[in-house]
Amino acid sequence: MESECYRANTPSVISETLDGETVIMDLRSGTYFSTRGVGAYIWTALEQGATGARIASELAASQDGEPGAVVTAVEAFIRELAGYNLIVADPDGNPEATPAPATAELIYTPPVLSAYTDMEDLLQLDPVHDVDAESGWPVPRPPLGEAGTAT
Amino acid sequence: MPVSVIIPCRDAAAFLVQSLDSVLSQEPEPGEVIVVDDGSQDESAKLARSYGGPVRCVSQAPAGIAAARNHGIRLASGEIIGFLDADDLWPAGSLRHRLEILAADDTVGCAFGLVETFRDLASGQEGPAFLPPARPARLAGAMLVRRWVFDSVGGFDSTLRIGETMDWVARLDEQHIVTRATDHVVLRRRVHASNTVRRDTSLQTDYIRAMRAALRRRRSAGTA
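Protein chains in written order, with the working numbering: chain A, 1 to 151; chain B, 1 to 224.
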């Protein structure tokens with residue numbers, strides 16, 4: 001597992017990392033997730049194509065944590081992400097990809113993934129289907145001649 | 001209990017008549033139906049204005065569905081406020097089943113019900129092969145809200161292009177507003193043919209924005 005490359009399970013999984021917090025949404029299950037600090041670092045590094053092994057060694061090198069514990073924690077975190085189907089193995093990935101260096105502000109604590117199900121009802125219905133950025137909402141205007149033909 | 005129904009609408013002339021008729025055939029008939037025309041370029045406003053009776057139409061410069069709903073809330077005179085998107089339908093009994101919930105218990109601020117999806121066959125496209133079964137969902141079209149709830153929760157966030165209902169429901173939960181749901185279908189939601197809809201991932205980031213904000217609020221309130 002640690003030598004494998006992953007990618008986010010798009011298009012049903014969307015994510016964004018901001019201010020050290022990654023928020024991940026699985027539009028299929030309706031669950032959304034948050035992970036901060038080291039977890040956000042790992043998610044970003046996975047998106048950059050880095051393998052678990054490379055991420056663990058980058059973290060271990062830049063942190064005070066005990067290297068063996070860091071490797072174990074990174075592997076467990078990746079397993080958890082894969083278990084929720086948030087990431088899938090990417091056979092086209094480059095196992096040599098190097099993650100961005102962990103910054104000095106990143107204090108090592110074991111990564112934690114928090115899952116929330118309170119918006120399941122709305123996310124599973126994914127109202128995005130009804131929205132079009134260019135043509136308006138709730139649906140694009142029908143082509144000329146079709147307006148008013150709904151019965 | 002006087003009910004105001006707000007129908008935000010942009011270029012939905014093809015569906016608006018069905019939608020309005022489904023509201024006007026409810027028992028009891030709502031005291032007021034406000035179509036908020038969000039800068040439509042089609043016949044939507046003209047259609048809405050032709051109804052008369054409890055239906056009135058206000059037009060605004062295009063500002064999005066959240067702003068349109070908020071505009072409707074400001075104008076609404078009813079103590080109870082319902083919403084319907086201009087392409088969706090309320091089945092018979094939708095209003096009554098939810099009103100019964102509110103009438104039975106003054107502490108309930110918001111009544112929901114089941115949402116059923118249906119294919120838009122008028123477009124000539126079949127759309128998705130699979131439609132989810134009727135299920136409880138707190139979509140705007142499925143909720144009937146006491147006016148005071150908006151004083152406590154606020155309106156819809158007009159900076160969100162999508163996910164505005166999710167954001168509002170998150171704030172509803174954080175204010176500990178009591179909600180209750182009927183097991184009747186209260187909203188029929190039109191699913192459009194897939195080729196008329198683009199999955200725009202830049203829109204989906206608004207979902208994340210809404211939930212990131214909710215997580216931060218809950219963390220600072222010590223509830224997450």
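Careful: at least some of the hints might be erroneous.
To be verified - Partner residues aside, some chain B positions facing chain A, computed with beta carbon under 10 Å:
| hint | residue |
| --- | --- |
| 1 | Glu32 |
| 2 | Gly52 |
| 3 | Phe112 |
| 4 | Thr165 |
Bear in mind the hints are in silico, worked out from the structure with no lab data behind them.
Glycine is no exception: its CB is placed at the ideal position from the N, C-alpha and C atoms.
Against the structure, the hints:
1. Restraint check, B:Glu32 versus chain A: the minimum CB separation of about 22 Å is more than 10 Å; hint violated.
2. At about 19 Å, the closest approach between the beta carbon of B:Gly52 and any beta carbon in chain A exceeds 10 Å, and the interface hint on this residue is violated.
3. With 10 Å as the threshold, the beta carbon of B:Phe112 comes within range of chain A, its nearest partner Cβ sitting at about 9 Å, so the hint holds.
4. Hint status for B:Thr165 relative to chain A: holds, with the closest Cβ pair at about 6 Å, below 10 Å.
Consistency with the previously given hints fails for numbers 1 and 2, ordered from lowest to highest.
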